[in-house]
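Going letter by letter, the sequence shown gives residues 1 to 345 in UniProt numbering.
Listed next, with one range per pair, are the computed distances between beta-carbon atoms:
id, residue 1, residue 2, range
1, D218, N73, 32 to 42 Å
2, S111, L136, 16 to 26 Å
3, D217, V292, 53 to 63 Å
4, S236, R126, 33 to 43 Å
5, L128, D156, 21 to 31 Å
6, K70, V176, 39 to 49 Å
7, T96, K147, 25 to 35 Å
8, N79, K212, 18 to 28 Å
9, G250, V165, 46 to 56 Å
10, I242, E271, 14 to 24 Å
In silico EDC-like cross-links for lysine to aspartate or glutamate, where the CA-CA straight-line distance does not exceed 16 Å:
id, residue 1, residue 2
11, K103, D122
12, K210, E247
13, K103, D167
Simulated from the structure, these hints should not be mistaken for lab results. Virtual Cβ for every residue (Gly too), placed ideally from N, Cα, C.
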Amino acid sequence: MCSFNYALLHLPFAALLQYKATVLLWATLRMYGQSNKHCIDSKMAKTRLVCLLTLLSTHCYFSTLAVVLKTNNESPWTNEFDKIELSCLIESISTTNPRIEWKKITNEGPSYVYFDGHISGDLENRALIREPATLLITNATRSDTAKYRCEVTAADDQKSVDEIVIDLVVRVKPVVPKCSVPKSVPFGKSAELSCMEEEGFPKSQYQWFKNKEEIPDDPKSSIKFFNSSYTLNADSGTLKFIAVRKEDAGEYSCRAKNDAGYSECPPQQMEVYDIDVVGIILGVLVVVVVLVCMTAGICCAYKRGYFSSQKPTGNNYKVPAKGDGVDYVRTEDEGDFRHKSSFVI
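All chains, full assembly: derive it from the sequences and hints.
Here's what the structure looks like:
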């Protein structure tokens with residue numbers, strides 16, 4: 001009794017035929033190997049051999065009536081401004097003039113790259129088709145990073161359509177990163193050095209150098225940096241000192257790197273100085289003395305009337321005292337006086 005494997009339902013028709021032919025061939029060869037021991041009828045062996053040849057010929061027939069594509073590289077990459085080939089090879093086809101299309105697949109949806117024998121879109125002047133269906137990009141840019149689908153339609157084939165998807169990555173070299181290094185830091189205080197660039201693709205990783213020597217991620221892994229207390233983040237490009245030491249002074253530079261290359265910022269000097277506690281105390285005392293002297297001077301000036309706000313006006317006229325025997329009469333005009341008749345010489 002023959003047994004049926006339901007897993008075979010998921011195989012393509014051509015693959016199913018090939019599987020059956022392989023099983024039948026194995027059974028036939030096994031039968032021939034055991035014919036001397038079990039004396040199996042030769043007619044049965046011939047019948048199975050005929051079936052085997054029939055299945056093999058049928059498999060070949062259906063294979064030639066199906067368009068099948070393959071590619072040499074499903075995930076190619078290239079550096080920006082270099083050329084890259086997206087291979088789309090026709091493994092089998094019977095149609096003499098198939099329709100070939102290329103589409104670029106992005107988050108906004110698919111768009112035509114090659115249609116009706118012409119390159120279109122962003123690749124119009126930067127790509128060409130190599131027979132039979134390979135797409136060659138002569139000057140790749142960062143905007144070309146995407147998935148590309150090659151579609152071939154063969155009207156005369158029983159399986160008339162096949163497609164393959166190629167994931168292209170255009171790598172971009174980092175630009176010179178922007179580095180920030182403090183010029184001077186007090187001894188024992190914290191300090192942060194930053195490094196950043198946003199053009200590289202894939203995203204850049206960062207390295208810090210002190211006096212042209214790379215700073216390790218873990219200070220305990222190096223004798224020269226063993227006593228330093230810092231944390232280095234290669235993803236964000238930050239170098240943080242928890243407590244700066246005298247030995248941390250020097251020239252610092254940063255390198256941004258990815259698979260396409262690297263770029264460095266110019267070295268910058270960082271100094272570490274001691275905090276002069278005695279000088280600070282003396283300075284505070286001098287300031288206090290100056291303030292006290294100023295306050296005392298202002299108080300003395302105020303007591304002496306230098307800051308009095310009362311001033312004589314025209315209405316504060318005082319009449320001279322009578323005692324000289326003369327009566328003074330004031331006229332309408334201020335300051336015009338005349339004697340009374342009682343004036344006695």
